[in-house]
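Trainee: One letter stands for each residue in the lines below.
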Amino acid sequence: MRVVLDANEYVFAFGPSHKPDCLEALRLAAAHDLRICRSIVREVLRNLPPKAHGDFFDFLLAAIASDPEIDEDFAVPFELGASYEDQGFKPADALIAAYIESIGADVLVSENRHFLAKAARLPFAVHNAKSFVETFLPPV
Amino acid sequence: MSKPRRAKASAEEMDAMIRRIQDSAPPEEWPTYGMTDEQVIEHCRKVREELWQEKLARHASRS
Chain A
1 MRVVLDANEY VFAFGPSHKP DCLEALRLAA AHDLRICRSI VREVLRNLPP KAHGDFFDFL
61 LAAIASDPEI DEDFAVPFEL GASYEDQGFK PADALIAAYI ESIGADVLVS ENRHFLAKAA
121 RLPFAVHNAK SFVETFLPPV
Chain B
1 MSKPRRAKAS AEEMDAMIRR IQDSAPPEEW PTYGMTDEQV IEHCRKVREE LWQEKLARHA
61 SRS
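Which chain is which? The protein sequence lines are A and B, in order.
Throughout the first sequence, residue numbering follows the working numbering, covering 1 to 140 in sequence.
Throughout the second sequence, residue numbering follows the working numbering, covering 1 to 63 in sequence.
Bear in mind the hints are in silico, worked out from the structure with no lab data behind them.
Keep in mind the model is a prediction, meaning the values are calculated, not measured.
Certain hints may be false.
[As the list claims (entries may be wrong)] DSS-like, lysine-lysine: derived pairs with alpha carbons at most 27 Å apart:
id, chain 1, residue 1, chain 2, residue 2
1, A, Lys130, B, Lys55
2, B, Lys55, A, Lys90
3, A, Lys90, A, Lys130
4, B, Lys8, A, Lys90
5, B, Lys46, A, Lys90
6, B, Lys55, A, Lys51
7, A, Lys130, B, Lys8
8, B, Lys8, A, Lys51
Work out the full structure, taking the sequences as your base and the hints as a guide.
Mentor: Take a look at the structure:
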């Protein structure tokens, strides 16, 4: 299963609240095919203290098995982004949605309920951390 | 497109890395310190918009 975590999931997991659902979502996503694009990396870095930046990249190197680990925004087809803008997405949100579709991801995990509310139909599932873990964590 | 690269870190190594990030600075040095969940989400939306505007400005200055 290919998974993209929105920047807010990293911020909640690493940040002062250490939100347990988001931490669990991070671990679960890392056990699958976790992917990330340059824009999301930049957003996470903006929300981390500089001292944590190196460790964040170490985490990405360890959690992502694709090469390269970070997908570049410029590889996202322009037309795909434009199609999301046509649906009413803000340009930055349209880029993320188009990225997720372009890599064939199965799931986006985000705490931002408003982000994708404008789309009538999406080619990927959207979960928050709690529902992602509840849905995909194997029973013990 | 991306290709499979190598084996990933173990769950224990992953936990250690997450802890290192969390412990890298005192809570008050984190930009989201003291925010409620809703405020963090709103903050992340603003950061996304700011970075988009910065990207547009960079492109404009190059052309």
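Trainee: Each hint: holds or not?
Mentor: Structure-based check of all given hints:
1. The straight-line distance between the Cα atoms of Lys130 (chain A) and Lys55 (chain B) is roughly 32 Å, outside the 27 Å bound, and the hint therefore fails.
2. Between the alpha carbons of Lys55 (chain B) and Lys90 (chain A) the distance comes to roughly 14 Å, so the proposed pair stays at or under 27 Å and holds.
3. Straight-line distance between C-alpha atoms of Lys90 (chain A) and Lys130 (chain A) comes to about 26 Å, which keeps the hinted pair within the 27 Å bound.
4. For the hint pairing Lys8 (chain B) with Lys90 (chain A), the CA-to-CA distance comes to about 35 Å; that exceeds 27 Å, so the pair is violated.
5. Of the pairs offered as hints, the one joining Lys46 (chain B) and Lys90 (chain A) holds, with about 12 Å between alpha carbons and a cut-off of 27 Å not exceeded.
6. Between Lys55 (chain B) and Lys51 (chain A) the alpha-carbon distance is near 24 Å, which keeps this suggested pair within the 27 Å criterion.
7. Annotation: proposed proximity of Lys130 (chain A) to Lys8 (chain B) holds, straight-line Cα distance about 24 Å (limit 27 Å).
8. At most 27 Å may separate the alpha-carbon atoms for a hinted pair to count; Lys8 (chain B) and Lys51 (chain A) meet this at roughly 24 Å.
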